[in-house]
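Protein sequence lines, in the order shown, are assigned to chains A and B. Count the first sequence with the working numbering and you get residues 1 to 262, in order. Count the second sequence with the working numbering and you get residues 1 to 273, in order.
Do not take every clue at face value.
[To be verified] In silico DMTMM-like cross-links for lysine to aspartate or glutamate, where the CA-CA straight-line distance does not exceed 20 Å:
{"no.": "1", "chain 1": "B", "residue 1": "185", "chain 2": "A", "residue 2": "10"}
{"no.": "2", "chain 1": "B", "residue 1": "150", "chain 2": "B", "residue 2": "140"}
{"no.": "3", "chain 1": "B", "residue 1": "185", "chain 2": "A", "residue 2": "193"}
{"no.": "4", "chain 1": "B", "residue 1": "157", "chain 2": "A", "residue 2": "253"}
{"no.": "5", "chain 1": "B", "residue 1": "139", "chain 2": "A", "residue 2": "18"}
{"no.": "6", "chain 1": "B", "residue 1": "136", "chain 2": "B", "residue 2": "82"}
{"no.": "7", "chain 1": "B", "residue 1": "185", "chain 2": "A", "residue 2": "70"}
{"no.": "8", "chain 1": "A", "residue 1": "28", "chain 2": "B", "residue 2": "145"}
{"no.": "9", "chain 1": "B", "residue 1": "185", "chain 2": "A", "residue 2": "9"}
{"no.": "10", "chain 1": "B", "residue 1": "157", "chain 2": "A", "residue 2": "9"}
{"no.": "11", "chain 1": "B", "residue 1": "185", "chain 2": "A", "residue 2": "140"}
{"no.": "12", "chain 1": "B", "residue 1": "149", "chain 2": "A", "residue 2": "18"}
{"no.": "13", "chain 1": "A", "residue 1": "92", "chain 2": "A", "residue 2": "209"}
{"no.": "14", "chain 1": "B", "residue 1": "136", "chain 2": "A", "residue 2": "209"}
{"no.": "15", "chain 1": "A", "residue 1": "63", "chain 2": "A", "residue 2": "209"}
{"no.": "16", "chain 1": "B", "residue 1": "185", "chain 2": "A", "residue 2": "87"}
{"no.": "17", "chain 1": "B", "residue 1": "139", "chain 2": "B", "residue 2": "124"}
{"no.": "18", "chain 1": "B", "residue 1": "123", "chain 2": "A", "residue 2": "18"}
{"no.": "19", "chain 1": "B", "residue 1": "136", "chain 2": "A", "residue 2": "10"}
{"no.": "20", "chain 1": "A", "residue 1": "28", "chain 2": "B", "residue 2": "64"}
{"no.": "21", "chain 1": "B", "residue 1": "150", "chain 2": "A", "residue 2": "9"}
{"no.": "22", "chain 1": "B", "residue 1": "157", "chain 2": "A", "residue 2": "18"}
Hints were generated in silico from the structure; no laboratory data involved.
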Amino acid sequence: MSEQHSTREEQLRAQLDDAPTIPMSEFKRRSRRSFLMGAVGIGAAYAGWRWLQDQPDVGGIPKPLRDQLERNETLWSNLSQGRSAPEFSVSKATPIQVNGRIGIRNEIDLADWTVRVEGPDGELLDELDISTFEALPQRDMIIEHKCIEGWSNITHWGGTRFSDFHARYADQVGDVPYVGFETPDGLYYVGWDMPSAMHPQTMLALRLDDQPLDLDHGAPLRLATPNKYGIKCLKRIGVIRYARERPADYWAERSYDWYAGL
Amino acid sequence: MSIDTTDTTDTTDTTEDSSTPEPVPPDEPVARLVHPRAIRWLHWINFPLLFVMIWSGLRIYWAEDVYALGIGSWQWFAFFPDSIYETFGLERRLARGMAFHFAFGWLFVINGAIYAIYLLATKEWRHILPDRHAPKEAKDVVLHDLHLKKQAPPQGKYNAAQRISYTAVLVMALIIVVSGFAIYKPTQLYPLPLLFGGYQGARLVHFWMTIGLLLFFVVHVLQVIRSGWGNFRSMITGYVIERRSTSPVDDATIRSESVPEGEPHAAEMGGSA
Numbered sequence: 001m002s003e004q005h006s007t008r009e010e011q012l013r014a015q016l017d018d019a020p021t022i023p024m025s026e027f028k029r030r031s032r033r034s035f036l037m038g039a040v041g042i043g044a045a046y047a048g049w050r051w052l053q054d055q056p057d058v059g060g061i062p063k064p065l066r067d068q069l070e071r072n073e074t075l076w077s078n079l080s081q082g083r084s085a086p087e088f089s090v091s092k093a094t095p096i097q098v099n100g101r102i103g104i105r106n107e108i109d110l111a112d113w114t115v116r117v118e119g120p121d122g123e124l125l126d127e128l129d130i131s132t133f134e135a136l137p138q139r140d141m142i143i144e145h146k147c148i149e150g151w152s153n154i155t156h157w158g159g160t161r162f163s164d165f166h167a168r169y170a171d172q173v174g175d176v177p178y179v180g181f182e183t184p185d186g187l188y189y190v191g192w193d194m195p196s197a198m199h200p201q202t203m204l205a206l207r208l209d210d211q212p213l214d215l216d217h218g219a220p221l222r223l224a225t226p227n228k229y230g231i232k233c234l235k236r237i238g239v240i241r242y243a244r245e246r247p248a249d250y251w252a253e254r255s256y257d258w259y260a261g262l
Numbered sequence: 001m002s003i004d005t006t007d008t009t010d011t012t013d014t015t016e017d018s019s020t021p022e023p024v025p026p027d028e029p030v031a032r033l034v035h036p037r038a039i040r041w042l043h044w045i046n047f048p049l050l051f052v053m054i055w056s057g058l059r060i061y062w063a064e065d066v067y068a069l070g071i072g073s074w075q076w077f078a079f080f081p082d083s084i085y086e087t088f089g090l091e092r093r094l095a096r097g098m099a100f101h102f103a104f105g106w107l108f109v110i111n112g113a114i115y116a117i118y119l120l121a122t123k124e125w126r127h128i129l130p131d132r133h134a135p136k137e138a139k140d141v142v143l144h145d146l147h148l149k150k151q152a153p154p155q156g157k158y159n160a161a162q163r164i165s166y167t168a169v170l171v172m173a174l175i176i177v178v179s180g181f182a183i184y185k186p187t188q189l190y191p192l193p194l195l196f197g198g199y200q201g202a203r204l205v206h207f208w209m210t211i212g213l214l215l216f217f218v219v220h221v222l223q224v225i226r227s228g229w230g231n232f233r234s235m236i237t238g239y240v241i242e243r244r245s246t247s248p249v250d251d252a253t254i255r256s257e258s259v260p261e262g263e264p265h266a267a268e269m270g271g272s273a
């Protein structure tokens, strides 16, 4: 064995030899205590896990988990409001798959379609056909649409900002904290917090890849955003309802996060 | 180099206890502290947290289970076969998976952050970070473990193979947390996803880090079993039993000593666990 080798060995051993030692009698006492502590720890972890499972469900998940989702929402919505997702060039856009048909399975006559706009007390503010939305300032938005399942797609939307639409009613409805959207048949419905709805990338979309939306993608008017999961991007909007309380949300009633913000 | 990282409480106890020092005969076995209390707690808390994160994470992955090993369109192994989803109850639980993941994730991150601060503050990282001798010594450790080499290379608290794998697992843990946040809040944390080539890149990296941690877990458990009870117990009690007399030179010497109650010597405690 070389000189150098044994020096290294001594160095390495020295790292250990500096650690404190205790006599065996003391070790036995501490060892008992440690194992007891371990048993208590395992018991506590098991009890905690059972406790969590036994809590009443809120929207399909145990209440402590629902509470944590809401604490997460508070944290993230306060942390960095108004940040925007990246936008891409048109050449990056690819066709988007059709994922959800809830609320758009019924026959619809697009020529007859209108959207009801309701105030926070349920009062009818407006009943609009597509021309109103076509007359609002138009923009294109090429963003990464993200499905809660995990896939995403760079998608080319066209339409009007929700904030431009909202300007028509801002005085009437005042500082409402929420807005809800529903399909004409009422089978699919989503709730949005106003700050998210007013984000410049929250779009009432009329077009996909420069063409009017087809029925599967939510004709004639749908929501689009890169900043919430696709479950919030309701297709075939039939009702836009301002609200003082959190509007009902189809997927939040089925165990998902209400905020679903990215 | 010294271990200035001893468990403070334990050290205090020792001082009190040894206020009337009994002379220990040189051949009496003594217990030497190898895992300070903080390390033990953080290690054992991490175990169920990581388990919950992987379990809930795979429930999320199930909803878009697109990754596979293979070349081109030929798939050698698709993650995962239905039998695995069924066995572990991972199907149709996306929402619940997310709820658990985004609650327990904070605990995992907090536990990891405390560990990182502890390693830095106590310089305990010096026992873990591989040095320049590590690659060669790690090879020798593996050869020794496979009984292809008689003598194990010299080691400190951990042997070179342990240092490399423990450091790798810490790096993987860091990457899994950062890529996880990139998927969780890609807009609010933008441009974080770009570190991984975008949102889908972050999802891919997050997935492979999970597989990496699972592989580590398997090897870790096997090595702990191989190393024996004394090594396993040291992560519970903090101590290994050894003789008072100073350092035997190699394994052969250690093994030739009759260690009472079959306790492994400190130099043996590692294996590559």
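Hint check:
no.: 1; hint: B:185 x A:10; verdict: 50 Å, violated
no.: 2; hint: B:150 x B:140; verdict: 10 Å, holds
no.: 3; hint: B:185 x A:193; verdict: 17 Å, holds
no.: 4; hint: B:157 x A:253; verdict: 53 Å, violated
no.: 5; hint: B:139 x A:18; verdict: 27 Å, violated
no.: 6; hint: B:136 x B:82; verdict: 42 Å, violated
no.: 7; hint: B:185 x A:70; verdict: 15 Å, holds
no.: 8; hint: A:28 x B:145; verdict: 31 Å, violated
no.: 9; hint: B:185 x A:9; verdict: 48 Å, violated
no.: 10; hint: B:157 x A:9; verdict: 12 Å, holds
no.: 11; hint: B:185 x A:140; verdict: 23 Å, violated
no.: 12; hint: B:149 x A:18; verdict: 29 Å, violated
no.: 13; hint: A:92 x A:209; verdict: 11 Å, holds
no.: 14; hint: B:136 x A:209; verdict: 58 Å, violated
no.: 15; hint: A:63 x A:209; verdict: 42 Å, violated
no.: 16; hint: B:185 x A:87; verdict: 16 Å, holds
no.: 17; hint: B:139 x B:124; verdict: 24 Å, violated
no.: 18; hint: B:123 x A:18; verdict: 14 Å, holds
no.: 19; hint: B:136 x A:10; verdict: 18 Å, holds
no.: 20; hint: A:28 x B:64; verdict: 52 Å, violated
no.: 21; hint: B:150 x A:9; verdict: 17 Å, holds
no.: 22; hint: B:157 x A:18; verdict: 11 Å, holds
Comparing the model with each numbered hint stated earlier shows that hints 1, 4, 5, 6, 8, 9, 11, 12, 14, 15, 17, 20 do not hold.
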